[in-house]
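A.B. asks: Okay, here's what each chain looks like letter by letter:
Number of protein chains: 2
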Amino acid sequence: MKSAKHLLSVTLLSLLAACANHSEGPLLIQKQGSFAAGGTMITAPGTFNPRQPMTPNGQTYHGDHAYAFYQIPADARKLPIVMWHGAGQFSKTWETTADGREGFQNIFLRRHYGVYLIDQPRRGDAGRSMVETTIKPVPDEQLWFNQFRIGLWPRYFNGVQVAQDAQTREQFFRAMTPNTGPFDMGVVSDGVSALFDKIGPGILFTHSQGGGPGWLTAIKNDKVKAIVAFEPGSSFVFADGEVPAPIPSAFDTVQGAAVPMEQFMALTRIPILILYGDNIPEQAVDLPAQDSWRARLKMARFWRDAVNRHGGDVRLIHLPEIGIHGNTHFPMSDLNNVQIADLVAQFLKEKQLD
Amino acid sequence: MKSAKHLLSVTLLSLLAACANHSEGPLLIQKQGSFAAGGTMITAPGTFNPRQPMTPNGQTYHGDHAYAFYQIPADARKLPIVMWHGAGQFSKTWETTADGREGFQNIFLRRHYGVYLIDQPRRGDAGRSMVETTIKPVPDEQLWFNQFRIGLWPRYFNGVQVAQDAQTREQFFRAMTPNTGPFDMGVVSDGVSALFDKIGPGILFTHSQGGGPGWLTAIKNDKVKAIVAFEPGSSFVFADGEVPAPIPSAFDTVQGAAVPMEQFMALTRIPILILYGDNIPEQAVDLPAQDSWRARLKMARFWRDAVNRHGGDVRLIHLPEIGIHGNTHFPMSDLNNVQIADLVAQFLKEKQLD
Chain A
1 MKSAKHLLSV TLLSLLAACA NHSEGPLLIQ KQGSFAAGGT MITAPGTFNP
51 RQPMTPNGQT YHGDHAYAFY QIPADARKLP IVMWHGAGQF SKTWETTADG
101 REGFQNIFLR RHYGVYLIDQ PRRGDAGRSM VETTIKPVPD EQLWFNQFRI
151 GLWPRYFNGV QVAQDAQTRE QFFRAMTPNT GPFDMGVVSD GVSALFDKIG
201 PGILFTHSQG GGPGWLTAIK NDKVKAIVAF EPGSSFVFAD GEVPAPIPSA
251 FDTVQGAAVP MEQFMALTRI PILILYGDNI PEQAVDLPAQ DSWRARLKMA
301 RFWRDAVNRH GGDVRLIHLP EIGIHGNTHF PMSDLNNVQI ADLVAQFLKE
351 KQLD
Chain B
1 MKSAKHLLSV TLLSLLAACA NHSEGPLLIQ KQGSFAAGGT MITAPGTFNP
51 RQPMTPNGQT YHGDHAYAFY QIPADARKLP IVMWHGAGQF SKTWETTADG
101 REGFQNIFLR RHYGVYLIDQ PRRGDAGRSM VETTIKPVPD EQLWFNQFRI
151 GLWPRYFNGV QVAQDAQTRE QFFRAMTPNT GPFDMGVVSD GVSALFDKIG
201 PGILFTHSQG GGPGWLTAIK NDKVKAIVAF EPGSSFVFAD GEVPAPIPSA
251 FDTVQGAAVP MEQFMALTRI PILILYGDNI PEQAVDLPAQ DSWRARLKMA
301 RFWRDAVNRH GGDVRLIHLP EIGIHGNTHF PMSDLNNVQI ADLVAQFLKE
351 KQLD
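Chains as they are written, first to last, in full-length UniProt numbering: chain A, 1 to 354; chain B, 1 to 354.
Check the hints yourself; a few may be wrong.
[To be verified] Facing chain B, a subset of chain A residues (Cβ under 8 Å, in silico):
1) P26
2) I29
3) Q30
4) G33
5) A36
6) M54
7) T60
8) T96
9) N106
10) G124
11) V138
12) M176
13) T177
14) T180
What the hints contain is simulated information worked out from the structure, not anything from laboratory work.
All values reported here derive from a predicted model rather than from experimental measurement.
Glycine included, each C-beta is placed from N, C-alpha and C at the ideal position.
For reference, chain A alone in the conformation it holds in the complex:
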């Protein structure tokens, strides 16, 4: 019985792999699972006494690891994609959208990429932090509504690529989760670098706050073979002596960070695609949310030019400039996310990463 099944499976799988994993219908998953990567460990002084288990003496504590859930489709392409969330977010960024459509996890599985969704150290399911923190329920969602460029609360932007019903808005707000320890660029990039050591060469997708530590991860680990950065935040690394002047905005001041030239050069050796959405003004405005993105986009352009000046391969697409309108800070889950995925897939094909 088992071997008959096996023969049948082998025949069917080769046929099915060709037609499954398209825009509809079932996903054929060769392998899926989860693991922790990286992190550190401390041991309390003293000797553990099993009769006093609540005292830390002699006990250990592991933390600051990344957590990943992965799926490898049948007939997978050579390089998987590691998808890294931004500030206040977790793996959900790439899962079902707030209005219930498929996110980049499913969309890229259907395109035969292995997909690793991570929670960075000190976030979500990677919650054990080596540093204490206090989490307070401070109301902040109108800040995020604006900062994520959905609109100017309570109005939505005209033509914004977001469903505007109450249930979608609720799912969107509930897709946030707090830091369980201080955000630390070194710690989170160490965690994701350790993940690449485990899985081998791959493509890194970053979102927002993940952008900055994403550059650091590629500097630390040459298994990062390409980066697609969705709306990277304020942390861009330049070579020593080449950091541009800070760019003030109505929200904050965007400052480049300096790294040794040798480290910077790692970023010239891989193809990089940067995408920014709509409703980012070119001129200063007195609205913090909009103006912060004006400053970030400006710094991102400086950065593209700096990397390319040293022989790099950075392409920055400001979506409205190529006729794609209405995207928020979450192009991977906006209503036109399949169009965005097409754009990214085209880039990966062009760079022979597919």
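Keeping the supplied structure of chain A fixed, place chain B upon it in accordance with the hints.
C.D. replies: Frame of chain A, contents of chain B only:
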């Protein structure tokens, strides 16, 4: 092209569904995604000012929801399984085991059950809590090693169903994540009850600390059609006036909780299977970890008898009594977890839930 593919797919899928999803080979997933369920919301007094986005005035905060990632296999059985973690844990309990084998997520997908993995409110990816908390990195892992009955640190129990290499131990410790708000039986059972309202009738698997709020969830929501409780912790609910005397142990005192008879009776209307593993003494011992489980198993037996006395259908299996040895507090991920899954599947079949 598309319709040809469609025809081919339909033919192949019906064939493949019969032979895929077995103990090896690819999983055929009809649908997968994630969502938040339940929770509450507050609004800070005042009016939101987009020019002062860091002040909470007039802003909202959503929290205390559950988060779920689900997968529905092709050719799914009628009732899905909702898998609920215990203390200090998250969805990982049911995913890849610490030594890299498949957990109950994959094992039950292969058996054609839909699987919902949850992070309960204030844990992991459901991190937004309505109540403030402070998270401290206090070394405690030797406590857990003993409490989870892997051994008496640093020794493993003879014949324990756990791989004993350092990498497995590290993955096991890194599968913990803290509460991001105070643990609250009402809040977490409300979240999971809201999840059942979204998904409809299903089977609930609980682990450890999830056991107590699991009973409450079944009381709150008749869409819970059965419960399989793996090593439920100290919270058992009895009808008013029928709470047994507290059971002291070297770790703590196990106390039943009282609920109105009408609520209690909900637990007599569904089949319930309770499993406990090995290395639980029948007589009091002065080791807190072992003794705490002696007291819990004893209370679980009182509870089984109380529910069955009122016409219920509770079966309690202490695994060594049926010749299954070496199980820890995590039977769903122990080395013999396929054998445990067989036992559970047999129960579901017997109760016509499959």
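A.B. asks: To test your reading of the hints: which numbers does this structure violate?
C.D. replies: none
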